[in-house]
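Novice: For reference, the chains in residue letters:
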Amino acid sequence: MKLKEYEGKKIFKEYGIKIPKGKVIKVGDVYEKGDFIIKAQELQGERKKRGLIKDVNKDTIDEEISSLFSKCNEILVEEKVKVDKEYYISITIDRLKKRPVLIFSKRGGVDIEDVDSKDITKIVIDNGFFIDKVNDIAQKLYKIFNDYDCELVEINPLGLNKDGFVALDSKIIIDDNALFRHEEFYSKREDLNYVELDGNIGVIGNGAGLVMSTIDIIEYFNGKVANFLDLGGGADKEKMIKALEILLKKKVKGIFINIFGGITRCDEIANGLVEFKNKVPIIVRMIGTNEEEAREILRKNNIEMVDSMEEGCRKIVENVK
Amino acid sequence: MLNKNTKILIQGLGKQGIFHSKLMENIVVGVNPNLKEMGFPVYKTIKEALSKHKVDWSVIFVPAKNVKDAAMEALSNNLNIVIITEGVPVHDTMEILKNKDKNIVIGPNCPGLISVDECKIGIMPEHIFKKGNIGIVSRSGTLTYEIVNELSKNGLGQSTVIGIGGDSVIGFDFIDALKFFEEDKETKKIILIGEIGGNLEEEAAKFIKNNISKKVVAYIAGRSAPEGKKMGHAGAIISKNSGRAEDKIKAFESNGVKVARLPSEIVKLL
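Top line first, the protein sequences correspond to chains A and B. FYI, the numbering for the first sequence is 191 to 511, going by my numbering. FYI, the numbering for the second sequence is 318 to 587, going by my numbering.
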């Protein structure tokens, strides 16, 4: 789960990391007129490039805030902090080392992935590791990283002036698997098993790898997929109905269902499917318990059942053309 | 790694644990907070269980929030572990791996492994497998079954099939599996099933070039996945500069590993 800049900065402040003075406003909220930076609070990156961060003064602030509210719901109005240098610092997870790593760069204010590796220091944290120059802030970041089950805690740019370090931005990503132990964020969690794409062929399967592969094959046959939807193990009639309802809201032109389950009750799934038989073309490929019963149910309802995943992908693309 | 004499302990006798315990022949004992009536003795702690039974591996079905404790308990009793559970916080996984010492940790979020006709640990549907000499290592569950099914239908049997799991941080990974398959007399060819996210496939590709003499064929899922979205698996996410399917495919091809475009192509490439 990605936190918004102001949410992350609130946590920084609680942990003793300096942040610029600021206030988050919604449409209609009162704000001071002055020299500020106004920043749209949304989760996608490159806000500056997209015109979502603006320098304002008491003459331009009203117009700029109005204009910015046409692009977002929350704006952070912040004091301008003068800094002498900008750095980059973050703690993230190295999937190869299977450990947290501290990343520090002398080149702040730019995308870290564009920075030459010679300007980056990457240090594996084994038991709490100290770096002389950034000792204090690294310790605080690491504490946040652990307390909040983060996948990433990033400050870019990390400004430095005579008063010390100040976090000019904040990027925190909390592990979705850990949200159950972070009450304040738990209610806002997203469903990982449904991802909207921009095509018109619905895909339902059981197993993330299988669904990804199904999508790949449909696209290989020049179809355009509308979504990723993983039913997970033990799919039943209710789950299938819910899944189909989600897809039909999206106005798909056809649906391919690919289930490879040792224990999945195919006849259950078939019974869920028949309720949708006249809505859009549906092609089914199911392997599991009670396959033959399922085949009968589908045949009676004129829903096509195929034997192989690739055949199903090819056919749904044909049907939707 | 496994054979007919491998003895398994199961941790976690909730709905899933109970169901799958009935499909694993090598289970000799169970551990659960509440004692349950099963076809094998059940204890409240591993220590108790081990005082009366000899065990090699533990398979973990406990809920995600309890996996760390269960895994630590198993590791401190010197067991190899297979963590089936999905949804384990990544910080917990890192803690578990920090403490694994010489023991093997497979998973989390994996279907387990099977040495065909010898021993199965996990939830893979046994009937699709056919004994042969192809070793398979995969990040996926049902996609693996799909590919195994294709192979079996074409008369190409499997030696050992290992599901390493879909999370971003996992224990036993591609390189561990490749090392095992290279040494394993039962395995003559290897299939590697990867997906978007991370760079384990890229590291495996380099490792194959320098260390593996047996033929390896790869398949990568997620060519069409958009950037920045987790595709079902916690570890299946493309970031700005890493995790793309095409980079993994390039890495394999440039290191002499053929990559199948469709699952059905795997048979041809073998």
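Keep in mind the hints are simulated off the structure, nothing from the lab. Quick caveat: nothing in here was measured; it's all calculated off a predicted structure. Among these hints, one or two may not hold up.
Covered stretches of chain B, going by a simulated chain A footprint (3 or more residues, C-beta under 8 Å) [to be verified]:
#	segment
1	342-351
2	388-394
Partner residues aside, some chain B positions facing chain A, computed with beta carbon under 10 Å [what the hints assert, rightly or not]:
#	residue
3	Met355
4	His370
5	Gly404
6	Asp409
7	Tyr462
8	Ile513
9	Tyr536
10	Arg540
11	Lys557
12	Asp564
13	Asn572
14	Gly573
Glycine residues also receive a C-beta, built at the ideal position from the N, C-alpha and C atoms.
Novice: With a cut-off of 10 Å on the beta carbons, see whether Asp564/B makes it to chain A.
Specialist: 14 Å, violated
Novice: Does Lys557/B meet its interface restraint, that is, does its C-beta lie within less than 10 Å of any C-beta in chain A?
Specialist: 5 Å, holds
Novice: Would the hint on Gly404/B be counted as holding, given a Cβ-Cβ threshold of 10 Å to chain A?
Specialist: 5 Å, holds
Novice: Against chain A, with CB atoms and a cut of 10 Å, does the hint on Met355/B hold up?
Specialist: 19 Å, violated
Novice: Can the hint on Asn572/B be confirmed by a CB-to-CB distance to chain A that is less than 10 Å?
Specialist: Nearest chain A Cβ about 17 Å off; hint violated.
Novice: Going by Cβ atoms only, is Tyr536/B closer than 10 Å to chain A?
Specialist: 8 Å, holds
Novice: Checking hints one by one. Is Gly573/B an interface residue toward chain A, by the C-beta closer than 10 Å rule?
Specialist: Hint violated; Gly573/B Cβ to chain A Cβ min 22 Å, cut 10 Å.
Novice: Would the hint on Asp409/B be counted as holding, given a Cβ-Cβ threshold of 10 Å to chain A?
Specialist: 8 Å, holds
Novice: Was the hint right that Arg540/B lines chain A, CB cutoff 10 Å?
Specialist: Holds. Min distance 5 Å.
Novice: Hint validation: Ile513/B versus chain A, beta carbon distance must be below 10 Å. Holds or violated?
Specialist: 7 Å, holds
Novice: Closer than 8 Å, Cβ to Cβ, for at least three residues: run that test on the segment 342-351 of chain B against chain A and report holds or violated.
Specialist: Result for this restraint: violated, n = 0.
Novice: Can you confirm whether chain A covers the segment 388-394 of chain B, using C-beta to C-beta distances below 8 Å and requiring at least three such residues?
Specialist: violated (count 0)
Taken one by one, the earlier hints fail for this structure at numbers 1, 2, 3, 4, 12, 13 and 14, listed in ascending order.
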